[in-house]
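*Asks:* Sequence:
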Amino acid sequence: MKVPTETKVKLINLLSDAGLRVIEVTSFVSPKWVPQMGDNSQVFQGINKRDGVNYPVLTPNIKGLEDALKVGVKEVAIFGSASESFSQKNINCSIAESLKKFEMVVKKSLESGLLVRGYVSCVLGCPYEGLNIHPKNVANVCNKLLEMGCYEISLGDTIGTGTPMKMRSLIKELKTTIPVEKLAVHCHDTYGQALANILIALQEGVRVVDSSVSGLGGCPYAKGASGNVATEDVIYMLNGMGFDIGNVNLQKVIDAGKFIRNELGSRNMSKVSSAISAKI
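Under UniProt numbering, think of the first position of the sequence shown as 1, with each following residue one higher.
No wet-lab data here; the hints were simulated from the structure. Be a bit skeptical, because a hint or two may be false.
As the list claims (entries may be wrong) - In the DSBU-like style, the derived pairs of lysine-lysine whose C-alpha atoms are separated by at most 30 Å in a straight line are:
hint: 1; residue 1: Lys-89; residue 2: Lys-100
hint: 2; residue 1: Lys-10; residue 2: Lys-172
hint: 3; residue 1: Lys-10; residue 2: Lys-63
hint: 4; residue 1: Lys-144; residue 2: Lys-172
hint: 5; residue 1: Lys-107; residue 2: Lys-136
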């Protein structure tokens with residue numbers, strides 16, 4: 001399904017209005033391979049940009065970066081993998097080759113005054129290599145991205161197979177070479193483990209959590225993978241734990257999730273949204 005540009009713009013504006021301070025807007029990938037992102041420039045230019053809110057975009061290569069620079073982006077993200085097989089399937093090159101390409105993207109981004117964030121996919125499991133992704137492989141990719149100039153690394157449990165003890169072991173390993181304040185977690189909820197894994201990450205000192213309103217998303221190269229953990233559910237948990245998450249309005253986030261799910265005609269994956277909406 002191709003989502004209309006105006007729907008994407010409205011969703012991002014609703015999330016901005018809800019008080020979220022970082023909203024990843026779009027991906028500057030080839031429209032040949034990902035036609036759903038063919039309107040990336042129009043979306044970025046169409047949103048209302050609020051002061052104090054970052055609007056990063058994904059830029060997997062130099063062409064994507066150049067297109068992003070034309071519309072005035074301030075922050076970009078690159079995405080590598082801890083799995084050789086996933087790297088080949090997802091971006092058609094080996095891990096080593098991908099890192100070489102990213103060096104050019106990061107260099108030009110930094111020279112252009114942009115912030116650069118790094119993603120590492122398949123840190124706790126791979127659709128092709130199974131669950132035996134060694135933490136040292138993850139650490140190797142993370143460290144190379146940090147050395148390039150990424151300010152933060154988001155650890156992606158791309159297919160949602162990670163469990164709490166594996167998450168703890170991974171983060172403990174990474175903390176031997178990486179300051180924990182440079183780590184974030186990006187947990188898909190395919191097996192219902194996302195909040196538990198996030199809790200472990202928080203206990204280990206991680207303070208940045210990626211999420212997706214109403215649990216949108218998935219992975220085209222990982223069959224059966226559900227979306228990222230629902231933003232509504234993360235907000236509810238963090239509020240209950242006493243974390244300061246700024247002026248985020250949970251009800252407005254719930255309303256944004258309802259809007260996009262209604263537009264898509266799909267089921268809202270947020271348990272918090274379902275529970276609160278049932279009370280109204």
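*Asks:* Work down the list of hints and note, for each, if the structure agrees.
*Replies:* Right, here's what the structure says about each hint:
{"no.": "1", "hint": "Lys-89 with Lys-100", "in the structure": "holds (17 Å)"}
{"no.": "2", "hint": "Lys-10 with Lys-172", "in the structure": "violated (40 Å)"}
{"no.": "3", "hint": "Lys-10 with Lys-63", "in the structure": "holds (27 Å)"}
{"no.": "4", "hint": "Lys-144 with Lys-172", "in the structure": "holds (18 Å)"}
{"no.": "5", "hint": "Lys-107 with Lys-136", "in the structure": "holds (25 Å)"}
This entry does not satisfy hint 2, going by the numbered hints stated previously; all others are met.
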